[in-house]
Amino acid sequence: MNTNFSIGAMGDVALTRASQNKQDSIASLASGKKQNLALKDSGSFSLSQRLQVQSVGNRGASVALQNAMSIAQGQQESLERMTRILGRMNEVAGMASNVGTLSSEREFYQTEFEGLLKDFDKIQNESVNGVKLFGNYF
Numbered sequence: 001m002n003t004n005f006s007i008g009a010m011g012d013v014a015l016t017r018a019s020q021n022k023q024d025s026i027a028s029l030a031s032g033k034k035q036n037l038a039l040k041d042s043g044s045f046s047l048s049q050r051l052q053v054q055s056v057g058n059r060g061a062s063v064a065l066q067n068a069m070s071i072a073q074g075q076q077e078s079l080e081r082m083t084r085i086l087g088r089m090n091e092v093a094g095m096a097s098n099v100g101t102l103s104s105e106r107e108f109y110q111t112e113f114e115g116l117l118k119d120f121d122k123i124q125n126e127s128v129n130g131v132k133l134f135g136n137y138f
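Going by the working numbering, the letters in the sequence shown line up with residues 1 to 138, in that order.
If you're looking for bench data, these hints aren't it; they were derived computationally from the structure.
Please read these numbers as outputs of a predicted model, since none were measured by experiment.
Please note: incorrect hints may appear among the correct ones.
Derived DEER-like restraints, expressed as beta-carbon distance ranges [what the hints assert, rightly or not]: (1) Phe45 / Ser19: 45 to 51 Å; (2) Ser48 / Ser127: 38 to 44 Å; (3) Gly130 / Ile26: 52 to 58 Å; (4) Gly57 / Asp119: 51 to 57 Å; (5) Gly57 / Met95: 15 to 21 Å; (6) Ser25 / Val63: 37 to 43 Å; (7) Asn98 / Asn67: 46 to 52 Å; (8) Glu77 / Phe108: 26 to 32 Å; (9) Arg59 / Arg88: 50 to 56 Å.
The beta carbon of each residue, even a glycine, is placed where N, CA and C say it ideally should be.
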């Protein structure tokens, strides 16, 4: 009989402790105070830390992707301009090589061709935020 009494007393103590923990939890939730999760639930704390690290990594990856997209857009625009320049260079070369073209006209075409070539080289050496659009990346 003495054993039943001590088991009942242990049950009362456990019930009292659980009720107190419940009241403490409700009070801390109602107060809005930040809890030290590491002391209360180490598994949840570990998970939250992992998620925070993953979030920082995701932000870094997002910035890297945005930078890569900017460079790709810059390359696309430059390639379109270079294509137009090459097309005009082809036209100028064709007009200059025409048999009926006067030498003064050929000089004009040569000057225009050289200007187009300089523009082409400028575009080829452009950079965005210090990163060359066309060149060795490795």
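Violated hints - listed by number, lowest first: 1, 4, 5 and 9
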